[in-house]
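Whole structure, please, built from the sequences with the hints as guidance.
In the working numbering, the protein residues as written are 349 to 847.
The set of hints was computed from the structure by calculation and includes no laboratory data.
Take these hints with a grain of salt, some might be off.
Said to hold, decoys possible - Cβ-Cβ distance ranges computed for the label pairs, FRET-style:
(1) ARG558 to ARG355: 27 to 35 Å
(2) VAL582 to ARG355: 24 to 32 Å
(3) ARG837 to PRO630: 54 to 62 Å
(4) SER559 to MET349: 50 to 58 Å
(5) LYS448 to GLU626: 50 to 58 Å
(6) ARG612 to ARG685: 42 to 50 Å
(7) GLU626 to ASN474: 49 to 57 Å
(8) GLU792 to LYS549: 45 to 53 Å
(9) GLU626 to THR666: 45 to 53 Å
(10) LYS773 to GLU716: 31 to 39 Å
Ideal Cβ positions, reconstructed from N, Cα and C, are used throughout, including at glycine.
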Amino acid sequence: MATQLPRTRAIIVGSGFSGIAMGAQFKQQLRLDDYVIYERSPHMGGTWWANQYPGCAVDIPSIFYSLSFAPNPHFSKLFPDHYEILAYLEDVARRFEVDKHIQLNTSWDKGVWREDTKTWLVELSNVLTGETFEQECDILISAIGGLVDPQPCTIPGVASFAGPVMHTAKWRHDVVLDDKNVIVIGNGCSGSQVVPAIADKVRSVYQFFRSPQFFFPRENPRIHPYIQWAFAHVPGLMLLARWQMFHALERGFAMFSTDARGNRSRELVKKTSDDYVERTAPKEYWDMLKPAYKVGCKRRVYDPGYLKALNRDNVHITGDPIVKIEPKEVVTESGARYPADVIVLANGFVTGDVVINIVGRGGITTAEHWEQHGGIEAYKTTALSSFPNFFMLLGPNAASGHTSVVFAIEVAVDLVIKLVRPIFKGNASSVSVKDDYERQYSTEVQGALKDRVWASCKSRYNVGGGRNHLLYPWSSYTMWWQARFPDMRAWTYSQSKSD
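Okay, structure coming up:
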């Protein structure tokens, strides 16, 4: 029998950037203190707690990879390491008293909409003890993000491997890499960060990947104490710098279009990448470091020292895929064998499916709702018509390929605040998007995505049938405008519990 917890006005699932931003704005804009944040991990911070691998760092300038209502003038570098981002999140949670609302080691298992009371009945469990709970709330918010479950290793023989096998998002600090033969699988952002970070400790690194990435130079200067002082004490200076960075990053959006302007932009960007590879990496690897697909089709990698590390005698890369793992070796398709003491999975996250176990109006599940709507989607990346009072932060089609994910999070948070304000003021009991508006928006999103470069190659962005439920097809200006001035005709409010 599940333990019944006291009713609360709102439940937020996830304590990363999204959950902390939502909780802070509940307090700041709505003066709401009656909410709970549930986090399945033993520590708050979301992806910035989960990812603790060597070299882990943000690849967006810190001045724009932070919350607009909580600027941080004290970041030490332009691209801070993960521990600085985590410390920043912890500080924001304390400053806005979000931390006292966080319940750790708690899994959100299910949510059921109760039409008679216009509330959600949420099922929870303690991940350590297995104890189960139920709690009723008016508003249910998913702040779990898209990079939640690490991609598993499915190579035959992995269970027989004699050494540690660890994903970058589940790094084991008890594993000593000194003088070990390390196999790294994957060459995206995490793989390109971990290789140079461990290269001087290990006996050898052999990195295996299926396709090349576009690499770009990335300087990471320390932020001078004078600049930190000015950011902290000169009114408006940090806001101005933030807006300048926003506009600078937004100029990169043009390259995602398939029109003539986009083609010209990509040609210039590709030349920059190719020139950088030829200046920095060993010539024997050039062909493996210059993609044939269009630049921008996959996430670009801003190099933290990866290409330079390839010049080391103990660092090697290959596109010869691993077909079998043995206790002390990996075997490739060509029959080559490589010594292995540790295997590091830098192969990303499960992104093909979005699993949200909730039951909405009329008993419909999210899987059934999305099947009826042609695939995973959400109105303005946030809401589903069959699920009143339920919102997703960084939901379907909210991510970008060129700017800060924190911006998209804040846009969604501001939209949710506008929508739930009448409920917390007592003027309504529920809000839901109209089905025809949701369908029309989904059609527009998928139509626009066909005119973007992401449709031109196979990647984690595209799922069955060429559908893309990860990326936002328009500029960040459009995203901000549509949330700042929402079309309220798209929304239906229920005025009383008995409606």
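Status of the hints after comparison with the structure:
no.: 1; hint: ARG558 to ARG355: 27 to 35 Å; verdict: violated (50 Å)
no.: 2; hint: VAL582 to ARG355: 24 to 32 Å; verdict: violated (46 Å)
no.: 3; hint: ARG837 to PRO630: 54 to 62 Å; verdict: holds (59 Å)
no.: 4; hint: SER559 to MET349: 50 to 58 Å; verdict: holds (51 Å)
no.: 5; hint: LYS448 to GLU626: 50 to 58 Å; verdict: holds (54 Å)
no.: 6; hint: ARG612 to ARG685: 42 to 50 Å; verdict: holds (46 Å)
no.: 7; hint: GLU626 to ASN474: 49 to 57 Å; verdict: holds (54 Å)
no.: 8; hint: GLU792 to LYS549: 45 to 53 Å; verdict: holds (50 Å)
no.: 9; hint: GLU626 to THR666: 45 to 53 Å; verdict: violated (20 Å)
no.: 10; hint: LYS773 to GLU716: 31 to 39 Å; verdict: holds (33 Å)
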